[in-house]
Amino acid sequence: MTEKSWMYAVLEAVQAEMRADPAMTWIFELTPPVASTPGRPVINLETEFGRKRVVNTGIDEMWMVGAVTGAGLSGSRAATYIPYQGIGMTFQMLQNHAGKLRHMTGGKASIPVVYVMEFTGQTPGFAGQHSDYEMDTAFAHLVGIRTVVPSTPYDAKGMMHAALRSPDPVVFIYPAGLRMLMEDVPDEPYEVPLDKAAVRTEGSDITIVSSGPGMQISLEAAQRLQAEGAGVEVIDLRVLKEMDSATFINSVAKTKRLLTVDMSYYTLCPGAEVIARTAENVDGARYKRIAFPDAPPPASPEMFLWMRPDANHVFDAARRLIG
Amino acid sequence: MTEKSWMYAVLEAVQAEMRADPAMTWIFELTPPVASTPGRPVINLETEFGRKRVVNTGIDEMWMVGAVTGAGLSGSRAATYIPYQGIGMTFQMLQNHAGKLRHMTGGKASIPVVYVMEFTGQTPGFAGQHSDYEMDTAFAHLVGIRTVVPSTPYDAKGMMHAALRSPDPVVFIYPAGLRMLMEDVPDEPYEVPLDKAAVRTEGSDITIVSSGPGMQISLEAAQRLQAEGAGVEVIDLRVLKEMDSATFINSVAKTKRLLTVDMSYYTLCPGAEVIARTAENVDGARYKRIAFPDAPPPASPEMFLWMRPDANHVFDAARRLIG
Amino acid sequence: MGYERDDIGSDAGFRALNTTSRRGFLRIAGLAGVSLSLVSAAAQAEAEIGFWAKDLSNEKLVDMFRTILRIRWHERTMADKMLSDPDYRGYNHFCAGQEAVAAGCCAALRNSGPYDQIDLVFSTHRPTGHAIAKGVDMKLMCAENDFRATGLNGGYGAEMHLSDPSVGFVGADGMVGPGPVLATGAAFAIRARESDQVAVFFGGDGTYATPHFHSALNNARLLGLPFIYVLENNLYHQYAHYSFSCPHTDIAEAARAYGIPARVVDGQDVFQTYNAMHEAVDRARAGNGPSFIEAKTYRYYNHWGAPGATAGELGAFGYDPLAISSFRPEREVRAWMQRDPVNIARATLINWGVLDAGQAEALETEVRAEVDAAFAWAAEQPLCNPEDGLMHVYAEGRAIARQFG
Amino acid sequence: MGYERDDIGSDAGFRALNTTSRRGFLRIAGLAGVSLSLVSAAAQAEAEIGFWAKDLSNEKLVDMFRTILRIRWHERTMADKMLSDPDYRGYNHFCAGQEAVAAGCCAALRNSGPYDQIDLVFSTHRPTGHAIAKGVDMKLMCAENDFRATGLNGGYGAEMHLSDPSVGFVGADGMVGPGPVLATGAAFAIRARESDQVAVFFGGDGTYATPHFHSALNNARLLGLPFIYVLENNLYHQYAHYSFSCPHTDIAEAARAYGIPARVVDGQDVFQTYNAMHEAVDRARAGNGPSFIEAKTYRYYNHWGAPGATAGELGAFGYDPLAISSFRPEREVRAWMQRDPVNIARATLINWGVLDAGQAEALETEVRAEVDAAFAWAAEQPLCNPEDGLMHVYAEGRAIARQFG
Ligand SMILES: Cc1ncc(C[n+]2csc(CCOP(=O)(O)OP(=O)(O)O)c2C)c(N)n1
Ligand SMILES: Cc1ncc(C[n+]2csc(CCOP(=O)(O)OP(=O)(O)O)c2C)c(N)n1
Ligand SMILES: [Mg+2]
Ligand SMILES: [Mg+2]
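Protein chains in written order, with the working numbering: chain R, 15 to 337; chain Y, 15 to 337; chain D, 862 to 1266; chain S, 862 to 1266.
Errors might be hidden in some of the hints.
[Claimed, not checked] For each label pair, taking beta carbons as the anchor points, the in silico distance ranges come out as:
| # | chain 1 | residue 1 | chain 2 | residue 2 | range |
| --- | --- | --- | --- | --- | --- |
| 1 | Y | Glu216 | D | Gly1169 | 35 to 45 Å |
| 2 | S | Pro1243 | Y | Thr61 | 50 to 60 Å |
| 3 | D | Ser1027 | R | Ser259 | 49 to 59 Å |
| 4 | S | Gln978 | Y | Gly64 | 43 to 53 Å |
| 5 | Y | Glu216 | R | Asn295 | 52 to 62 Å |
| 6 | R | Pro55 | D | Gly1258 | 53 to 63 Å |
| 7 | D | Asn1149 | S | Glu1231 | 51 to 61 Å |
| 8 | Y | Asp209 | S | Lys921 | 46 to 56 Å |
Everything labelled a hint here was simulated from the structure, so no lab data went into it. Fair warning: this is a prediction, and the values are worked out from it, not measured in the lab. Just so you know, even glycine gets a beta-carbon here, dropped at the ideal spot from N, CA and C.
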């Protein structure tokens, strides 16, 4: 057990799996697979495994995603880390190949591949392309791919082990805003399942469902609400597909109030699916969504920070819903 | 007024706009801009306007979408017709350029461009890549683009005029399953707004919300339900973004029952957004969604036709919801 | 257009051919009085590649001829069923005319063995020739193409998604573009695991214009991958001549620009395609990186065909009404038919003393019986169970039915 | 790394340079004893392009020099503010060292007039040099880079999205790849409307490996578009030398493979970049299709810089700790600084008798005052109104605030 960042925890899992499987490969572009944390050895996949297995490429994210998919089809496990700038270029390969080949071949093709998709940290100042948080929905609507978005270093490591061992292609979203988050994480391999949400706090007045970069503001708001005596059940989806509906449906059946929190655009954000699934199954509940407006993030910090959901927004909205 | 197919109606609008604006261009790949209908002249944009304005390319849908976007930025109106096979390749340009440039430039960039996105007709036999209906959600989640999906030749023509005259980029979804649909369409130009749903039948027992290729089965089911005495309000969304919430929210406030019908995959289908918006605004309603399962369409007609939503499914689900 | 529409394209013309033999194709072309020498001078020059097919055993040479015949008769039989059998449902992207590319190239590959040793082939929307040449079981393929539960892929994929890892046929792909990128990824994995496999992509002239062309070749070159790009230049991509999308006469020029060794070969001559592929495979196995082979070839039928086809309509085998910008002139079709891959292979083997005419005839009869049996077997296979469409989304479990609300 | 880290990268070293002059850069490099002739032989050869800059009026030549100075002092002043002004918030992808490419190329373009007659420039994530050369108002740009409501783009875009259609600067783009595709689309529209404009894309060596490179060049060639691709080969894309992603020594080779006329020029010599661009513009306006210009150049600073930078850390101007696979050797930086575009332009103009040393000095003082005034004006501009972030999503209306639930 050592305190680790999201990235250290993830690379530790990758390193362990690559040591166990000499055929496994890793392709990167900008972000070298290097991480360090006090008290643990520096991880550098490139120097440890050599450039036959760990390679950087030119600015060609389509090739990166296609290449690891092809590696998977050839019988090798593989993973890639896609910088957020290039995600749009990877779409065809995920849509029509990674997600469909098992089905289209009647189960003959297997793509044991992990696509780490960096999402921006929604840092102010960088405008529409570099501060957005928007492709979660596009991935989650696709079929045949598991899409996960761990929000803690512990989950990130365990889900990376599970993802690399899974015979299914996994889109592993890394919200870069969690870069600084540290927590105690076991040094040994362990798995966190790819199909379970986590109940982070229990309570009976309101259910707050969020994931990834929305968890921190949700938990902060929950703490303040609990301090005021409200019973708040905060659920971390962790998985966008296959979404674990039972956990939030059962919760809302109890609380009868559901607030979803997304950092992504309002229309068709994951919270819309959460509300829809709940509304199909629970009668008489009340619903509210928090999300980024349907507008690109502006560069100006003044504009951007006003638009980006924060803990105050969650707190106030939850209160209104309870009240 | 002449009976016209979806495509004839659309090309008639394009032809009129291209006659009015000698700078406007059209880029195609497989589907030549040619249509005919009894009693009206054959439309052939390529021969009428010449290959300086109307051109086909190699198999490079990324270029097609990027090129019309660039044409728009250069001050010319432009449109392209993307075959469904290539839609995935166009994503980056729509996500990071077409949808964001106006905002990122503080209003200086204008992209008066129409992207006709062919969606498969969900024809049985062609399997995962050629029978899917899946990108609607990905487009509708993006910002800065208007995404419309007309379901009738009349709407298609009127929305094409509106789209071509709009200073905003418009994704104009063409569900190829509507290819055979004919109806009387005025020969003159007219506009159908890009932000309004249409109430196709009125009634107070249940609201059915669908769009594009889901409209035909929804209307057929509604007819059968009405024959049984049920009051059915069928709403054709027509626009996925900006979705006209007021129309369906008002309807469900009255009927208290909402059934959404989508041909696209269940998770995060447009119906999820419709239900979520309604649930945030209407208390005490009941909800149900019909959609394609979260699985690629299989080639086998036996498997595929069983999975694809049809009028019986809508009829039965509506009946169960009415109770 | 006369030829395609009136003869092959029509039921009558088609049956007439069928009741005689495969070489009916040529007879008709011959009637037009067009006549070309079997092997053109340009093609001869490129044939001077090392590893002469001449050194192969008689058995291997006959096998290559058999592969061509199997592909050809599969094509012909399927086309017949489309036009004559009301119960038949399979469609096809026909490859008749192009057989020697698949047959020659795959003959230079390792087609059996464990999955981490066998050579891997990535194919396109026009896969059946490659599949047969790589060793896919024809019965299973026929059943798959007719959407049968016991087909090669359980009826999930059909023609555009045929896949059989057991013979290294990674599979077909209905999308134009991604194939070579996937194949270079396989080649990267192969090298990483220190296998001597090669990854091969078969693609058409249409793949040149795709963005993927650049990605695949550039990365294959930079990383020195064991990757072979076989470009079947049949002059057309769907409705357009390749000159509409490519500035090169030889697309191989484009590959050479990356520093990738590239050959242009006569795609109608199975021994030339074999020679070029043998050289490329040796290069890849020796760790000397990728190769590119452009095979000039031609398809006899239209882009695509399906049951219920009517001559002169989209989906029929003849003239294509959507072919606005460019379409295939009748003379071109006839000229190419003069250089039929079946005839070239047969004539060469007879010339080399490997077979005599009678043996060739017997072989063809044998192949024809095999193909008939494969289609007959397929026609008796069960249809799919509707609810199984929810399987194979992930390795485990089933999707939930959502169509009922 | 000593140089970058200890001198330019550190506050102290940086201020020292600043308090002397722009040419402090060179003095330090000079101290290292590296010395190269101003114009290399190879570069000389390529300089023999028609349309000699020598034929230009004195005024125009001085303008080109002024543009270089304006870019350089904009760079230096911004870097200073980042290190010294706690209120400054703008970041920059520095282009110091590369000024002669933007200045020379844009001098050959039409930079004013109605939008359907002016030449159109598409830029990258490193846009400020191109913006200045194309004629963007420096005050407005400085305000935009510092997120001011009255900035060029209202504070919505900042550095990576600068756009000013009024001078034909279509804009920057934070994504590597799409630019040339967008520009070819503009070129297509230009030709369709029978304008004689040209569409220009400035891009880095990093653009070579993108899938878009192939799409843009292939379609520009096939359609014969009035498109000019100016590839600024500054040897690195972020953390990697271009040899990691490109098999060519001259990326221009790749363009020639498409049949596109391509030149390699010395990017440090503004008159060479002008000459090459003049030739390309003439070709485009005459309807003779696209051109490609590879300008060999170099950036002095690191990839990117931002306020609050500390020497040796990501975002500072010096050594980049993420540069694992490859990074810039100190000697390389020093050697390139010997061939500073400011000095080359000045020396050439003095040599041609266009300016004397005193006049050059006066010009620089004038430019420096202008730049200082631009930053000073920007610093007084109002910040943005938060709720305006909901504007400009579409041409009309405002998005709905959704962050409150
Ligand atoms: C990305 C994409 N765009 C369009 C299509 C439609 N399409 C199917 S086959 C084909 C032509 C392919 O031509 P070529 O590569 O020469 O192969 P050939 O059909 O001649 O064997 C096209 C455009 C597709 N399958 N994928
Ligand atoms: C599609 C995409 N992938 C990755 C990035 C991240 N990125 C920003 S600049 C850059 C390097 C660009 O290098 P080059 O084109 O040579 O331009 P230079 O920075 O040298 O001016 C990269 C990889 C990006 N902006 N877009
Ligand atoms: Mg072809
Ligand atoms: Mg560079």
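Hints and how they fare:
1. Glu216(Y) - Gly1169(D): 35 to 45 Å: Cβ of Glu216(Y) to Cβ of Gly1169(D): about 41 Å, so the range 35 to 45 Å holds.
2. Pro1243(S) - Thr61(Y): 50 to 60 Å: holds, 55 Å
3. Ser1027(D) - Ser259(R): 49 to 59 Å: Violated, at about 38 Å.
4. Gln978(S) - Gly64(Y): 43 to 53 Å: With a Cβ separation near 22 Å, Gln978(S) and Gly64(Y) fall outside 43 to 53 Å, so the hint is violated.
5. Glu216(Y) - Asn295(R): 52 to 62 Å: violated, 29 Å
6. Pro55(R) - Gly1258(D): 53 to 63 Å: Violated: the Cβ-Cβ distance is about 38 Å, outside 53 to 63 Å.
7. Asn1149(D) - Glu1231(S): 51 to 61 Å: With Cβ atoms ~58 Å apart, the hint holds.
8. Asp209(Y) - Lys921(S): 46 to 56 Å: holds, 51 Å
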